[in-house]
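Chains E and W, in that order, give the protein sequences.
Letter by letter, the first sequence follows residues 1 to 228 in this note's numbering.
Letter by letter, the second sequence follows residues 1001 to 1409 in this note's numbering.
Don't read these hints as lab results, they were simulated from the structure.
It should be emphasised that the depicted structure is a prediction, and the values quoted were computed from it without experimental measurement.
Treat the hints with care, as some may be off.
Stretches of chain W that chain E covers, calculated by requiring three or more beta carbons in the stretch to come under 8 Å of a beta carbon on chain E [unchecked claim]:
hint	segment
1	1169-1181
2	1216-1230
3	1314-1321
4	1392-1404
Okay, derived cross-link-like pairs now, DSSO-like style, lysine-lysine, Cα gap no bigger than 30 Å in a straight line [what the hints assert, rightly or not]:
hint	chain 1	residue 1	chain 2	residue 2
5	E	K116	E	K84
6	W	K1121	W	K1062
7	W	K1044	W	K1062
8	E	K178	E	K84
9	E	K138	E	K84
10	W	K1044	W	K1112
11	E	K16	E	K84
12	E	K16	W	K1314
13	W	K1232	W	K1111
14	E	K121	W	K1314
15	W	K1015	W	K1062
16	E	K10	E	K83
17	W	K1112	E	K178
18	E	K138	E	K192
19	E	K192	W	K1314
20	E	K138	E	K121
21	E	K178	E	K192
22	E	K120	W	K1228
23	E	K178	E	K83
24	W	K1314	E	K128
25	E	K128	E	K84
26	W	K1258	W	K1062
27	W	K1112	E	K10
28	W	K1255	W	K1044
29	W	K1314	W	K1015
30	W	K1198	E	K138
31	E	K128	E	K116
32	E	K116	W	K1015
33	W	K1111	W	K1198
34	E	K83	E	K128
35	E	K138	W	K1314
36	E	K116	E	K83
37	W	K1044	E	K83
38	W	K1314	E	K116
39	W	K1228	E	K84
40	E	K178	E	K128
Idealized CB from N, CA, C, for every residue including glycine.
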Amino acid sequence: MLRLEEVTKKYPHRQKEVYALQRVTAAITPGEYVAVVGPSGSGKSTLLLMLGGMLSPTEGRVILDGHSLYELDTRSLAAYRCKKLGFVFQTFNLVPYLTALENVQIPLYLSGLAEKAQEKKATALLEKVGLGDRLDHKPSELSIGQQQRVALARMLANDPPLILADEPTGNLDPETSKGVLDFLGTLHREGKTIVMVTHDMRAAARAGRMIRLAAGSIDECRAGKPDA
Amino acid sequence: MRLRTLVGREILERKSQLATSFLSILLGISVIVSVQNILHYSEKAVAAELDTLGANILILPKSATLQDYYSSDLQGESFPEEYVTRLTSSDLQGLDNLSPKLSMPIEADGKKFILTGILPKNEFQAKAAWQGAGIFSRPAAGCGAVVPRIPGQQPQLPVKETLTRKRVIDTLEENQVLVGADVAASLKLMEGSSFAFKGMNSGVVAVLPPTGTIDDSRVFAHLHAVQKLAGKEGQINAIEVVGCCEQISLGLVQKLNKLLPEAKVVTVTQIVDTQIRTNRMMKRLSLLFLGIVILIGGAGIANYMYANVYERRKEIGTLMALGAEPGLILRIFLTKALWLGLAGGLGGFVLGSALALGLGPSIVGISVLPMPMLLAWAVGIALLITLVASYFPARWAALLEPAVALRED
């Protein structure tokens, strides 16, 4: 269970305080597929980063399995990101000087897996996303869709129970977008918890629940059409 | 995937940016290695030249003065030749070119001169107790070790030059003399002439070149012959010592006074001061170069590392989002700095040694040999520069908040 309790995030900006999130309370149960929608600047990405243990709230708590996430020490927080969390970025965030295989190896290396085992598992993951013949390609040598698939393989490396996706289809053509959403749907059916930030209402409609943010607060929370 | 893969791949990806930093550290270290190398051999050359100024420590009878020594008015007092044994058998460091002497006045053709008894090198070697280290050759380090000469440039000095400059000659028979320039001019003596004084008839081995000192009015004979003539067998009235100036500044004179309490030990201040001043100047020059290289090299590396961290903020954020701890981010940048330092130090040593070997002879007129000890020194300095200069940029990277880093484009 992942829970936000009265979470507020504010930034100082030209001697004023700007609120990214205001007293947000929400709960995400294991195995849920949640879409977070809202206009630009509504606090969607802030919420996602906060769930990912990458941005501490100014007030309130983020609770994971009964523990306050931001009261963990740096090492435990890093371990949480490494083993329990898979992050999908809008711009894929592949390391440009590493090959597809090496990019997928990063989370495995960070979790302490031996080099040979890393290679074996990363190869299997890339084969799973249909890039078994692109292991030695650098991101610049791959198409946009292929890059997103490498990012998805990397996200799955440590088999995380929670997947946070920030506009996963934002940079993709419709066909590739569909492929990515189908992939996320499959992961959901396999039991993963997914929280996806998106502008795309068709993508959001695939989620089991939709949270709409406006000006840093939850405006609406309703059940969507569960992904089939 | 290992730490070295992450670091190595990034270096290869952005090698053109790294090349500038590597070049700055390489050139900095090579300059410092070549300067150190040339300075080392210059110091030796200068030390050897300073030796030619003559003795810088005098051991005289207790009541004698420096004035007495320079006027050769020491005939009244003497001390046992055994003092030389005490010196050679002691463990004192920095004693060089001991030259025991006995001086007495003589008359020849109605003119007054000084007859000075000296002990040739072969006499020293004949006495087992006098074969201590550092008598006729300087100790190896810090005090003017043997300077390699450019072949053919500075031939071995003849006997008379050696005596004039080094206060040492190889051989001298008891019926042979060397005469100062004034004596030779006054008595019309030349090499091979015969010279009679106090009932002795000796052959002139050499006429010494003019020095402008009291030596020009001296006649040098074998110490034992002079001792017999003066009726002072086993006695001398001065020991000239070329002492290592570093050891003098470390209290050599006090140690000599302790060893020979019955004698007076004085330093020839001008000579010692010149030696100490020259050494100090060279060390300061070397430190100045070191300071400049550390400042410029350090600033260059720090600038490069800050730019590198700034450029890689998104990558750092991604690594943290994937579970990297701040310690790993710190290690990534410090490993890169370590490699840069190792490569810069090694390359700088090779290039610097080559520069020193090439430029040394034309700059200071002596041949320069590579100094392996400078390798550790070069790598150490390069590592110090790169690691210290990279620490703060690396720490900045490690402390970046992942969310902030991810939002940067």
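Quick rundown of the hints versus the structure:
1. For a cut-off of 8 Å, the count of residues in the segment 1169-1181 of chain W with a CB near a CB of chain E stands at 0, and the three-residue condition is violated.
2. For the segment 1216-1230 of chain W, the stated coverage by chain E is not satisfied: 0 residues place a CB nearer than 8 Å to a CB of that chain, which falls below the threshold of 3.
3. By the rule of at least three residues with a Cβ nearer than 8 Å to a Cβ of chain E, the coverage given for the segment 1314-1321 of chain W holds, with 7 such residues.
4. Given as covered by chain E, the segment 1392-1404 of chain W passes the check, having 3 residues with a CB less than 8 Å from a CB of that chain where 3 are the minimum.
5. Among the hinted pairs, K116 (chain E) with K84 (chain E) is consistent with the structure: their alpha-carbon atoms are about 23 Å apart, no more than 30 Å.
6. Of the pairs offered as hints, the one joining K1121 (chain W) and K1062 (chain W) holds, with about 27 Å between alpha carbons and a cut-off of 30 Å not exceeded.
7. Between K1044 (chain W) and K1062 (chain W), the direct Cα distance comes to roughly 34 Å. Violation of the 30 Å bound is thereby established for this hinted pair.
8. For the hint pairing K178 (chain E) with K84 (chain E), the CA-to-CA distance comes to about 26 Å; that is within 30 Å, so the pair holds.
9. Annotation: proposed proximity of K138 (chain E) to K84 (chain E) holds, straight-line Cα distance about 27 Å (limit 30 Å).
10. Taking the CA atoms of K1044 (chain W) and K1112 (chain W), the gap is near 40 Å; set against the 30 Å cutoff, the hint is violated.
11. Between K16 (chain E) and K84 (chain E) the CA atoms are separated by roughly 36 Å; this puts the pair beyond 30 Å, and the hint is violated.
12. This hinted pair checks out: K16 (chain E) and K1314 (chain W) have alpha carbons roughly 27 Å apart, not beyond 30 Å.
13. A hinted pair counts as satisfied when its Cα atoms are at most 30 Å apart, and K1232 (chain W) with K1111 (chain W) qualifies at roughly 23 Å.
14. Among the hinted pairs, K121 (chain E) with K1314 (chain W) is consistent with the structure: their alpha-carbon atoms are about 26 Å apart, no more than 30 Å.
15. Under the criterion of a C-alpha separation no larger than 30 Å, the hint pairing K1015 (chain W) with K1062 (chain W) is inconsistent with the structure, at around 73 Å.
16. Note on K10 (chain E) and K83 (chain E): the hinted pairing holds, with a Cα-Cα distance of about 29 Å set against a maximum of 30 Å.
17. At most 30 Å may separate the alpha-carbon atoms for a hinted pair to count; K1112 (chain W) and K178 (chain E) exceed this at roughly 120 Å.
18. Annotation: proposed proximity of K138 (chain E) to K192 (chain E) holds, straight-line Cα distance about 29 Å (limit 30 Å).
19. Among the hinted pairs, K192 (chain E) with K1314 (chain W) is consistent with the structure: their alpha-carbon atoms are about 27 Å apart, no more than 30 Å.
20. Under the criterion of a C-alpha separation no larger than 30 Å, the hint pairing K138 (chain E) with K121 (chain E) is consistent with the structure, at around 18 Å.
21. Annotation: proposed proximity of K178 (chain E) to K192 (chain E) holds, straight-line Cα distance about 19 Å (limit 30 Å).
22. A distance of roughly 98 Å separates the Cα atoms of K120 (chain E) and K1228 (chain W); the hinted pair therefore is violated under the 30 Å criterion.
23. At roughly 27 Å between alpha-carbon atoms, K178 (chain E) and K83 (chain E) fall within 30 Å of each other, so this suggested pair holds.
24. With a C-alpha separation of about 27 Å, the suggested pairing of K1314 (chain W) with K128 (chain E) holds against the 30 Å cut-off.
25. With a C-alpha separation of about 21 Å, the suggested pairing of K128 (chain E) with K84 (chain E) holds against the 30 Å cut-off.
26. For the proposed pair K1258 (chain W) and K1062 (chain W), the alpha carbon gap of about 13 Å is at most 30 Å, so the pair holds.
27. Note on K1112 (chain W) and K10 (chain E): the hinted pairing is violated, with a Cα-Cα distance of about 105 Å set against a maximum of 30 Å.
28. Distance restraint check for K1255 (chain W) and K1044 (chain W): the Cα-Cα separation of roughly 25 Å lies within the 30 Å cut-off, and the hinted pair is therefore satisfied.
29. As the CA atoms of K1314 (chain W) and K1015 (chain W) are separated by approximately 19 Å, the hinted pair is consistent with the 30 Å bound.
30. A distance of roughly 101 Å separates the Cα atoms of K1198 (chain W) and K138 (chain E); the hinted pair therefore is violated under the 30 Å criterion.
31. A hinted pair counts as satisfied when its Cα atoms are at most 30 Å apart, and K128 (chain E) with K116 (chain E) qualifies at roughly 19 Å.
32. At most 30 Å may separate the alpha-carbon atoms for a hinted pair to count; K116 (chain E) and K1015 (chain W) meet this at roughly 28 Å.
33. Between K1111 (chain W) and K1198 (chain W) the CA atoms are separated by roughly 13 Å; this keeps the pair inside 30 Å, and the hint holds.
34. Proximity of K83 (chain E) to K128 (chain E) is assessed by CA-CA distance (about 20 Å); at most 30 Å being required, the pair is judged to hold.
35. Taking the CA atoms of K138 (chain E) and K1314 (chain W), the gap is about 17 Å. The hint holds against a cut of 30 Å.
36. A C-alpha spacing of about 19 Å is found between K116 (chain E) and K83 (chain E), which places the hinted pair at or below 30 Å, so the restraint holds.
37. For the hint pairing K1044 (chain W) with K83 (chain E), the CA-to-CA distance comes to about 65 Å; that exceeds 30 Å, so the pair is violated.
38. With a CA separation close to 28 Å, the supplied pair K1314 (chain W) and K116 (chain E) stays within the 30 Å bound.
39. With a C-alpha separation of about 103 Å, the suggested pair K1228 (chain W) and K84 (chain E) falls outside the 30 Å cut-off, and the hint is violated.
40. The hinted pair formed by K178 (chain E) and K128 (chain E) meets the criterion: a straight-line CA distance of about 17 Å does not exceed 30 Å.
The structure fails hints 1, 2, 7, 10, 11, 15, 17, 22, 27, 30, 37 and 39 (numbered hints given earlier, in ascending order).
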